[in-house]
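Chemist: So the chains spell out like this:
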Amino acid sequence: GQQLNQSPQSMFIQEGEDVSMNCTSSSIFNTWLWYKQDPGEGPVLLIALYKAGELTSNGRLTAQFGITRKDSFLNISASIPSDVGIYFCAGRSSNSNSGYALNFGKGTSLLVTP
Amino acid sequence: GAVVSQHPSRVICKSGTSVKIECRSLDFQATTMFWYRQFPKQSLMLMATSNEGSKATYEQGVEKDKFLINHASLTLSTLTVTSAHPEDSSFYICSAARTGGNYGYTFGSGTRLTVV
Chain A
396 GQQLNQSPQS
406 MFIQEGEDVS
416 MNCTSSSIFN
426 TWLWYKQDPG
436 EGPVLLIALY
446 KAGELTSNGR
456 LTAQFGITRK
466 DSFLNISASI
476 PSDVGIYFCA
486 GRSSNSNSGY
496 ALNFGKGTSL
506 LVTP
Chain V
33 GAVVSQHPSR
43 VICKSGTSVK
53 IECRSLDFQA
63 TTMFWYRQFP
73 KQSLMLMATS
83 NEGSKATYEQ
93 GVEKDKFLIN
103 HASLTLSTLT
113 VTSAHPEDSS
123 FYICSAARTG
133 GNYGYTFGSG
143 TRLTVV
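Top to bottom, those sequences are chains A and V. For the first sequence, the numbering used here gives the first residue as 396, with consecutive numbering after it. For the second sequence, the numbering used here gives the first residue as 33, with consecutive numbering after it.
Read the hints as simulated data drawn from the structure, not as lab findings. Treat the hints with care, as some may be off.
[To be verified] Computed list of lysine-lysine pairs in BS3-like fashion (alpha-carbon distance at most 27 Å, straight line): (1) V:Lys-96 x A:Lys-501; (2) A:Lys-501 x V:Lys-98; (3) A:Lys-431 x V:Lys-73.
Since the model is a prediction, treat every value here as computed from it, not as a measurement.
Just need the whole structure built from these sequences, with the hints factored in.
Modeler: What follows is the structure in structure tokens.
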């Protein structure tokens with residue numbers, strides 16, 4: 396599958412700070428998803444985006460589906476220690492050879508200090 | 033809603049033996065399930081797409097005879113790692129999706145396979 400370019404690779408911030416991470420692709424996607432994965436667990440869906448330009452919030456999290464359909468960002472406001480984990484973006488292309496399968500970014504590791 | 037149960041969560045097996053991992057959608061019917069493999073500190077890599085009632089579609093480089101996938105019902109897909117070797121040790125994760133409409137993809141909690 397296609398590999399998405401996710402950045403930054405890691406972030407080390409203080410509690411209360413805002414966080415921003417993004418993903419880009421050379422191909423157009425019709426769905427962008429953001430997941431959080433804790434060690435030894437499967438990814439948990441945070442936000443799903445289905446339309447270009449869509450801006451969606453889930454509590455302190457906000458994500459947007461880029462107008463070009465080739466990028467998405469995730470913002471976390473007022474970070475707290477439990478935000479620690481690895482965040483993955485994932486995209487789905489209607490032209491994917493794998494049908495509905497998702498393509499994942501390499502992940503952003505977030506560390507939050509009290 | 034949209035809960036996916038994966039079992040077992042951890043398994044240790046001897047080299048040369050086979051291991052079966054189950055993925056169940058508990059509150060919805062999943063015509064399509066996906067199997068991923070994740071090595072430490074790496075992203076999820078798609079292994080195969082499992083469709084109920086038909087043969088799985090494997091990604092390039094994934095041996096279909098080694099990683100047997102069966103999707104016999106709308107709520108259950110199984111992945112069997114045959115003749116496991118230490119290099120098969122990894123974190124295996126399944127995902128289920130309903131077709132049609134806009135649905136997020138729900139993941140199981142993963143299976144940590146260690147081959148000794």
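Chemist: Now tell me, hint by hint, if it's right for this structure.
Modeler: The hints, checked one at a time:
1. V:Lys-96 x A:Lys-501: holds, 25 Å
2. A:Lys-501 x V:Lys-98: Given pair Lys-501 (chain A), Lys-98 (chain V) holds - Cα atoms ~26 Å apart, limit 27 Å.
3. A:Lys-431 x V:Lys-73: Given pair Lys-431 (chain A), Lys-73 (chain V) holds - Cα atoms ~14 Å apart, limit 27 Å.
In this structure, none of the earlier numbered hints is contradicted; all agree with it.
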